[in-house]
Amino acid sequence: MSFISRGFRGKRRDVAAAGRVPPGQYVVDDFPVLSAGPTPRIPVAEWNFVVEGEIDEPKKWTWDEFRKLSTEQVTKDIHCVTKWTKLDTAWTGVSVDTILEGVDTAAEYIVAFSYGGYTTNLPLEDVTGGKAWVAFEFDGQPLHPEHGGPARLLVPHLYFWKSAKWVRGLRLVNENQPGFWESNGYHMYGDPWREQRYWGD
Amino acid sequence: MTVQQSDLKLDGNAIGGLLREIFAMEMTTAEGTCAHCGRVSMVGEVVVYVNAPGAVVRCPSCDHVLMRIVQGRGKYWLDLTGVRCLEFSA
Amino acid sequence: MSSRGPRLLEWRLGTVAELVQETPRVASLVLDVPDWQGHLAGQHVDVRLTADDGYQAQRSYSIASAPEDPRLAITVERLDDGEVSPYLVGEVRKGDKVELRGPIGGYFVWRATDARPLLLVAGGSGIVPLMAMLRHRAAAHSTTPTRLLYSSRSLDDVIYRAELERLASASDGVTVTHTLTRMQPPGWKGYARRIDRAMLAEVCWPKDQMPITYICGPTPMVEGAATLLVDMAFDPASIKTERFGATGGSS
Chain A
1 MSFISRGFRG
11 KRRDVAAAGR
21 VPPGQYVVDD
31 FPVLSAGPTP
41 RIPVAEWNFV
51 VEGEIDEPKK
61 WTWDEFRKLS
71 TEQVTKDIHC
81 VTKWTKLDTA
91 WTGVSVDTIL
101 EGVDTAAEYI
111 VAFSYGGYTT
121 NLPLEDVTGG
131 KAWVAFEFDG
141 QPLHPEHGGP
151 ARLLVPHLYF
161 WKSAKWVRGL
171 RLVNENQPGF
181 WESNGYHMYG
191 DPWREQRYWG
201 D
Chain B
1001 MTVQQSDLKL
1011 DGNAIGGLLR
1021 EIFAMEMTTA
1031 EGTCAHCGRV
1041 SMVGEVVVYV
1051 NAPGAVVRCP
1061 SCDHVLMRIV
1071 QGRGKYWLDL
1081 TGVRCLEFSA
Chain C
2001 MSSRGPRLLE
2011 WRLGTVAELV
2021 QETPRVASLV
2031 LDVPDWQGHL
2041 AGQHVDVRLT
2051 ADDGYQAQRS
2061 YSIASAPEDP
2071 RLAITVERLD
2081 DGEVSPYLVG
2091 EVRKGDKVEL
2101 RGPIGGYFVW
2111 RATDARPLLL
2121 VAGGSGIVPL
2131 MAMLRHRAAA
2141 HSTTPTRLLY
2151 SSRSLDDVIY
2161 RAELERLASA
2171 SDGVTVTHTL
2181 TRMQPPGWKG
2191 YARRIDRAML
2201 AEVCWPKDQM
2211 PITYICGPTP
2221 MVEGAATLLV
2231 DMAFDPASIK
2241 TERFGATGGS
2251 S
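Protein chains in written order, with my numbering: chain A, 1 to 201; chain B, 1001 to 1090; chain C, 2001 to 2251.
Certain hints may be false.
[Claimed, not checked] According to the in silico footprint, chain C covers these stretches of chain B (three or more CB under 8 Å from chain C): (1) 1016 to 1029; (2) 1036 to 1046.
[To be verified] In silico SDA-like pairs for lysine to any residue, Cα to Cα no more than 25 Å straight-line: (3) K1075/B - E2099/C; (4) K83/A - R20/A; (5) K2240/C - G1038/B; (6) K86/A - Y189/A; (7) K11/A - N1051/B; (8) K2240/C - Q1071/B; (9) K2097/C - F3/A; (10) K1075/B - E2202/C; (11) K2189/C - H2178/C; (12) K83/A - G2082/C; (13) K2189/C - D2208/C; (14) K11/A - Q1071/B; (15) K2097/C - R6/A; (16) K1075/B - K2189/C; (17) K2207/C - V1040/B; (18) K2097/C - G10/A.
Quick caveat, the hints were computed from the structure, so don't treat them as lab data. We put the beta carbon where it would ideally sit given N, CA and C, even for glycine.
Full structure from sequences and hints, please.
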């Protein structure tokens, strides 16, 4: 039993209703910022989003074009592998189903890639069927750069490192290719409900 | 509260303890050659982001990733491929 | 003394022997740490707090005490939205135990055997490791010419103010220059702005004296001062930096 610091409580950690909090997580009411590098500052006039890879013709949108796509407002719980969970987070974004509309591909995986060089990998079926968005608003406000703005990927059913900040495209690929964290100890899939944090979990 | 980028940007001193755990010796005076731009920096001077699912160490000159360190389940995962050569005293 | 210390870095418990309120938001914890193997001025310790549900938070704090002191001191700035600092400055009492490991660091250290003129540049709580260096210098009876440039928001925020005044008036080669960036007392004749090139040029050693420089504080201040000194043609290898993040200290 390790030493307990008398009177130390730490940041507010709630035990929320069972069933909403995956194993090993605690609920926070702030929105922690995690960063692997300098925050990219991308003016929307320079922002592009692409779909490329195993696809007949790559697709590309400028910010204005992207903002003309139909959007959804969703409220989701999010779970970070560093153990915090935030309930009822409100986002506005374009569903990845909308982005992939009309795309014909035999690829089973994607790599999401971002301004600044971050990558993460996902099965295609985990970003389709209403499970993922490219989100540009949080809590009704334009997404702040520290939280991944102008736009980030949002895949709430997996650990939040899969929700790539500053996303600039999706590459359709035939094989599952480990991204930035997946190639260095973090789980290829990352299901918080099975506590798939690290390799071997 | 808006977190400034500079809140998260530290230097190699911030991972002194972690590197001590891994290398079993003091490493902030070790010198690493960036595999991308060739700049030689002391570990104490490199750019470090610790507020992440792991520690990410970057070259102070070209910002390329020098090292990534993840800890979990009693293990370390260490990627040093961004460092061409790490020199430290016996 | 080698900066390497014992091969294995173990967590150990220190007992709070004394609490010293340095400024309204900053306090020093003076600890008795059994079997402490000593340290070098500039090194830090990692402090780990554990709540009764097992939740842990860990932060690094520079050691404020000289290697010659029998007790280990750390100086902590309380950040209102911090997680660890409000516990260390506010909750901790004499007699409490604090889990720590160290000393850590070999890059940002100064030994009194180094005779080169010394320039110390501090922003906010960045003064802490530099104070360990000044205390070590005094305990070692060194007369190494030393200049401290210390940036604080106001006079009330100056940590170790009285002790710095004593060191400066001891006539053994220490000068202390303050700059107060936000508020100055009536009649203040000192600097009243952020550190800039003109200020550094007035305070620093002439290049040909081959000084060494230690800069510590918030990341933007440290990077700004280091860049200025390099622009002024000081040898980059003679400048050592330690960044505390924007807030100037661990939260």
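Comparing the hints with the structure gives:
Counting residues of the stretch 1016 to 1029 of chain B whose beta carbon lies closer than 8 Å to any beta carbon of chain C gives 10, which reaches the threshold of three, so the coverage claim holds. Under a criterion of three residues with beta carbons nearer than 8 Å to beta carbons of chain C, the stated coverage of the stretch 1036 to 1046 of chain B is upheld, 4 such residues being counted. For the proposed pair K1075/B and E2099/C, the alpha carbon gap of about 22 Å is at most 25 Å, so the pair holds. At most 25 Å may separate the alpha-carbon atoms for a hinted pair to count; K83/A and R20/A meet this at roughly 14 Å.
Of the supplied pair hints, the one linking K2240/C and G1038/B holds, its CA atoms being roughly 21 Å apart against a limit of 25 Å. The hinted pair formed by K86/A and Y189/A meets the criterion: a straight-line CA distance of about 20 Å does not exceed 25 Å. For the hint linking K11/A to N1051/B, the alpha-carbon distance of about 16 Å falls within 25 Å, and the restraint holds. Restraint check for K2240/C and Q1071/B: the C-alpha separation of about 29 Å exceeds 25 Å, so the hint is violated.
Only pairs whose Cα atoms come within 25 Å are accepted, and K2097/C paired with F3/A is accepted, the gap being roughly 9 Å. Between K1075/B and E2202/C the CA atoms are separated by roughly 51 Å; this puts the pair beyond 25 Å, and the hint is violated. In summary, the hint linking K2189/C to H2178/C is supported, as the alpha carbons are separated by about 10 Å, within the 25 Å threshold. A hinted pair counts as satisfied when its Cα atoms are at most 25 Å apart, and K83/A with G2082/C qualifies at roughly 18 Å.
Between K2189/C and D2208/C, the direct Cα distance comes to roughly 29 Å. Violation of the 25 Å bound is thereby established for this hinted pair. At most 25 Å may separate the alpha-carbon atoms for a hinted pair to count; K11/A and Q1071/B meet this at roughly 22 Å. The straight-line distance between the Cα atoms of K2097/C and R6/A is roughly 8 Å, inside the 25 Å bound, and the hint therefore holds. Taking the CA atoms of K1075/B and K2189/C, the gap is near 56 Å; set against the 25 Å cutoff, the hint is violated.
In summary, the hint linking K2207/C to V1040/B is supported, as the alpha carbons are separated by about 24 Å, within the 25 Å threshold. Straight-line distance between C-alpha atoms of K2097/C and G10/A comes to about 17 Å, which keeps the hinted pair within the 25 Å bound.
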